[in-house]
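> Protein chains in written order, with this note's numbering: chain Z, 1 to 565; chain F, 1001 to 1565.
Worth flagging that the hints you see were computed from the coordinates, not collected in a lab. Since the model is a prediction, treat every value here as computed from it, not as a measurement. Warning: the hint list may mix true and false statements.
Only pairs whose alpha carbons sit at most 27 Å apart, straight line, appear in this in silico DSSO-like list of lysine-lysine [unchecked claim]:
1) Z:188 x Z:261
2) Z:533 x F:1188
3) Z:402 x F:1486
4) Z:23 x F:1533
5) Z:156 x Z:23
6) Z:338 x Z:405
7) Z:486 x F:1338
8) F:1486 x Z:465
9) Z:539 x F:1114
10) F:1405 x Z:368
11) Z:338 x F:1486
12) Z:368 x F:1348
13) F:1540 x Z:114
14) F:1368 x Z:405
15) Z:22 x Z:261
16) Z:22 x F:1348
17) F:1022 x Z:551
18) F:1368 x Z:486
19) Z:551 x F:1114
20) F:1512 x F:1540
21) F:1261 x F:1022
22) Z:551 x Z:188
23) F:1465 x F:1188
There are 2 protein chains.
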Amino acid sequence: MHLHTTMFLQSVSFQMTEEQHKKWLAAITNYTIIGTYAQTELGHGTHLRGMETTATYDTSTQEFVLHSPTLTSMKWWPGNLGKLVTHAIVAARLITRGKDYGIHLFMVQLRSMKDHSSLPGIELGDIGPKLGYSNVDNGFLRLEYVRIPRDQMCMKFSQVHPDGTYSAPPHSKLSYNSMVHIRSGLVKRVGIGLSKGATIATRYSAVRRQSELIPGRPEPLIMDYQSQQMKLFPQIATAYAFILTGFQLGQDFLSYIAEAKEGEFSALPELHSTSAGLKAFTTESTKGGLEVLRMSCGGHGFSSASAFPEIYGAFSPTCTFEGENTVMLLQTARFLMKSARQAMKGAKLTPFMSYLLLNQHERCRASKPDDFLDMDTLLLAYSHRARRMVTTSFRCIEADLKEGKNNGIAWNNNHLHLLAASTAHCHLFVVDSFNKAVEAIQCEDRTRRILRVLVQFYALDGILKNKGEFLESGYITVDQLDLVSKQFISLLAVIRPNAVALVDAFDLRDLKLGSVLGRYDGNVYENLYKWAKSAPLNKKDVADAYHLHLKPFLEENQRRVQSRL
Amino acid sequence: MHLHTTMFLQSVSFQMTEEQHKKWLAAITNYTIIGTYAQTELGHGTHLRGMETTATYDTSTQEFVLHSPTLTSMKWWPGNLGKLVTHAIVAARLITRGKDYGIHLFMVQLRSMKDHSSLPGIELGDIGPKLGYSNVDNGFLRLEYVRIPRDQMCMKFSQVHPDGTYSAPPHSKLSYNSMVHIRSGLVKRVGIGLSKGATIATRYSAVRRQSELIPGRPEPLIMDYQSQQMKLFPQIATAYAFILTGFQLGQDFLSYIAEAKEGEFSALPELHSTSAGLKAFTTESTKGGLEVLRMSCGGHGFSSASAFPEIYGAFSPTCTFEGENTVMLLQTARFLMKSARQAMKGAKLTPFMSYLLLNQHERCRASKPDDFLDMDTLLLAYSHRARRMVTTSFRCIEADLKEGKNNGIAWNNNHLHLLAASTAHCHLFVVDSFNKAVEAIQCEDRTRRILRVLVQFYALDGILKNKGEFLESGYITVDQLDLVSKQFISLLAVIRPNAVALVDAFDLRDLKLGSVLGRYDGNVYENLYKWAKSAPLNKKDVADAYHLHLKPFLEENQRRVQSRL
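Turn these sequences into a full structure, and let the hints steer you where they fit.
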C-alpha cells in the first residue's frame, strides 16, 4: 500500500481542487479504492516532454479521451499498476481545442469495483521479473480511447473549462514541488539504506578473525586491518553525512513551501537543482558503498543470510528512478552554468554559490597533518575544487560556442566536465551540511567529539578519492596530499574503538536488519549454521532430483562402463 | 557438471599419482561418480593457513581420519557439495606422527552409491539462498571422524608413507600452479562477461531515443550523447583489453609450465603475483563496468528482460572467490615491495619491473592533444604512476620500520598505499598487454586501426579516472591533463560509428545473451511487450490474490464506510 498512501494520495492532495478532494480523498483514506501514480512509459521515463500518452478533450461530451497512440507510449514500470490497483493518476499530454499543453494528471479508473476485471479499452499486466522490488507488481497499461469526465483532470493549478479553453497555472514551477519533495526525502532514505549495510558489515567485522598480523599470534579481528577500516569507516561516515544532509534538505523544503504560500518562489531554482544533484550524488555513492560493504564480508556477503542481496535489490533502482542520475546531474549543471554566467557579469549569487567568487590563486597553507582537521581548510578545499570544475565547464562551453557550435551541441560536447562540476558541487554541499548539522545538534560533548571526527574523516576521504580534482584546483599541492593521507590514517585509529557504537547508534533492530552477519549479539557462525539448516533444500537428506535425474544418470553410466569391460 | 569437469577432475589429474589416476580418472570421465572440490570453510576462505579441518594419520589402520573440530571448520560454499556430489576432494590439515604439515588434499566419498544417502559421520546440506549462482547448490560438509584409506591422499607432490613419515614436495611452489592457472583463466572470462554487458547496452543505445539536443528536432539516439558514450565506450575498450590480457596471461602460464617441467621455476613469483593482482583488478573493474552498463539502459536495465540481473548475479562473486580481491592485491604488493628493495640495492629486476628504475624527474613533453595518441607517451605515464605508487609504499613502510614498528604492523599501517601500488601496477600491465596484443594480432589494416584507437582510448580513460595519481607522479601536469580530456573527447567521435560493429565482433548470439534489450535485430520495444505478456502473473487478468485478499479487504472497507453514513 506504500504507493497508495504516498504517490497516489499526494497527487490527489496536492494537484486536485477542494471540490475534487470531496469526491476522492475519503475513498483513498478509507481504502475503498486502491491507486497508484502512472507516469513512466515504455519509451520514456525521466524525459517528461517525451511522454506520448494523450488526453484529448471532447467538448461535445465534456470528457477527456485517454489514449496510448504508440507501442512506446504504454505506461510501463509504475508499481502495483498491473494487478493490484483499481485507479491511477495517469500523466498524459493534455490536448484541447487542437493544442498540446504538455503533461497533466488525470484520475482514471482501471478495474471494475465489482470483480476487479480491467475495464473496456484498458489493457493491464505485470512487466515481468526484475532485480529487486520483487514483492511489487510493476505494471503496464495500454489505453484505447478511454473516456473520463472533465472533472477527473487534476485542476488545482491548471484548468480545462467546459468549452475546452485552458487556464495555465499561476507559476509554472508549482508542478516541481512534489518532485523536489520526493528527491529531498530520498537523500535521508538513502543514508538509512547505507546505514543498514554499514551496521551489518561493521558488526560482522568485530566478530570475524582472519589471517595474521604478527607471525605466531592469534588471528586478529578483521576490523583491525587498515584495508578493512578503509572499507567500513568511510561508509559509516557517509551514512551519517547523508542522513543529516537529508534533514537539512527537508528543512529547506519546508521553508520554501512556507515562502511559496506567500507567493515567494525565489528559492526554488537552487532547491530544485540541489535536490536533483544530491539525489544522483547520494544514490550513486551509496550504491558503490553498499557493494564495498557487501564485499567486506567476504563470501558470506553473497549469502541471503547477510541481507545484502535483498538490500542491494531494493536499493539499486534508486539510481534510475525518480530521475535518472545522469540527467539529474545535468539538471544541476544547468543551474551551475547560470550561476557562472552571473558571476562573470558580477551579478548577485546565492550565498552557497559565492564559492565561484573565490580567488583562484589562493593556496592552502597546511603544513602538517593536523592542519587538515580544520573544517575551514577542508571546506575551502572543496569550494576551490567545485569552483575549478564549474569554471572549466563554463569556459569549455563558451569556447565551443565561439567556434560556432549550436548551444545544444556545445552542451553535449562537455558532458564530461559538466558531470564533474555537478558532482563536485554536491559533494561540497554534503560536507558543508554535515558539518553544520553536527555543530547544531543537541548532544553530549563526547558524542559531538566523535561526530566531528566523522565529519573530518568524510571530508578527508573525499579528497583522497578525488585527489586529481583537488590538485587541478591548484589549492592543494602533491606534498599536502601526503599530509591528507597521514591524517586520514590517523583518524582510522580514532574511529576504530567507536565503530561498533557508531553503527549501534543507527538503532536498527535485528528484526529490521534481517541479517545473520549483522546480529547485535555477534553470535554469527552458530546462527549461519542454523539458518542454513532451515533452508528448503535441506528438508530431506537426499533431494528429489536424485531419484528423478541423478540416479538414472549414474546407473546408465555404470551400465555403459560394465558393458565395455 | 562444471565443477566436476574442472576443479574435481583437475585436482585428481594434477595432484594424484599415476597409480591413483588408475583408481579414479575413469570413474570421473565416465560420470559414475560426481565430485567437487571442498576447500572454503565457514570461518575461512582465502586465508589457507587458517583452515581448520584435520586429516590425522592413524598408523595402526593406515587410514586418515578426517574431522571438523569446530563449528567454523565446516566446509561451506563449495558448489554442488550439499546435494549433488557423491565424492569430493577435501582440503584438510595433514597431521601425522603428531606434526601438522598444513593443507593437503584428500579424496572423500560423501554419499552412498546405492541410495545417495550421506555416509556415517558426514553431515551435508545446502547453505541457503544467495545472490547469483542460484542453480548451484553451494553446500556445507561437517565431518565427524571419517576414515579413508591412506591412498586417498593426493600424493603426487608430497606423500605419507605407511609408517606415517612424511615426504615434502620437491618445490613448495608447485601447489600454486592450479591457483595461477585458474586466476589467469579468470581474466579472459571476466573480459567476456563484460563484453556481454557492453553488447547489450551498446545495441540498446543504438535503438533508444531520448530527450533533445537541438530544440524542435526529433529525439536523438541516446548513443549520441557524450555522457552515454562515456558509459559505453570505456567498457567496450575494457572488454577488449581484458580478453586480450587474458590471452597473454594464458601464454605466460604455458611457457612457465614448459620451463617448470625442466625444473626452472624462476618465472613463478612474478606470474603468481601478476595473476593474483590482475584477478582483483579485472574483476573489480568489471563489476563496476557492468553496473554502469546496466544503468546506461535506464529503468529497463533492472528488468530481467535486459539479462543484466542474471549477469550481475553470476558475475559479482568473482570479486571474493578464488582469492578475495584485497588479499590478492596485497599479494601482488608483496612482490612489488621485494622488487623495490632489489631496485634500491641495484639488484637485477625482471624486465617488466624495470619501470622502478625510471628517472622520477622525467617530464612528459606532450603539448597538444594528439601527443597523447602516442603509446610510448601513454605507457610512460602509466609507468611513472606505478613507479611513484610503489616507491611511496616502500618509503612509508621503511619509515614505520625505522620508528620501531613491527614488520606486520608497518605493513598493515600502509594498506592504503600498497593497494594503490598494486592497482597501478596491474593497470600498467593491462595497457601494455593490450597494446602488444593489438600490434601482434593478425587482421586487416582497417581493423587494426580501430583496435589501436581502443588501446589509446582505454589508456586515456584510465588517466582521467585516476588523474590524481598521474599528477602525483610528476610526469603529467594539470595543463597536460586538459589535453588528455580533449583527446579523450575526440576519440569518442572516432569510436561512435564503430561502436555497434565493435560489440557485434564479440560474436555473442541472441540465444547466449538472452537479452531483449540486446537483440541483434534491435526490435526491442515490441519484444519487451511480448516478453512481459508471457510473464507468469499475466496468465489471468484478475490475479488469485484478488479473491483471496483484496476483495474481502475492499468489501470490508466499503461496509465500514456505509455503516458510518
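> Among the hints numbered above, which are violated by the structure, and what are their numbers in rising order?
Numbers 2, 4, 12, 16, 18, 20 and 22, in rising order.
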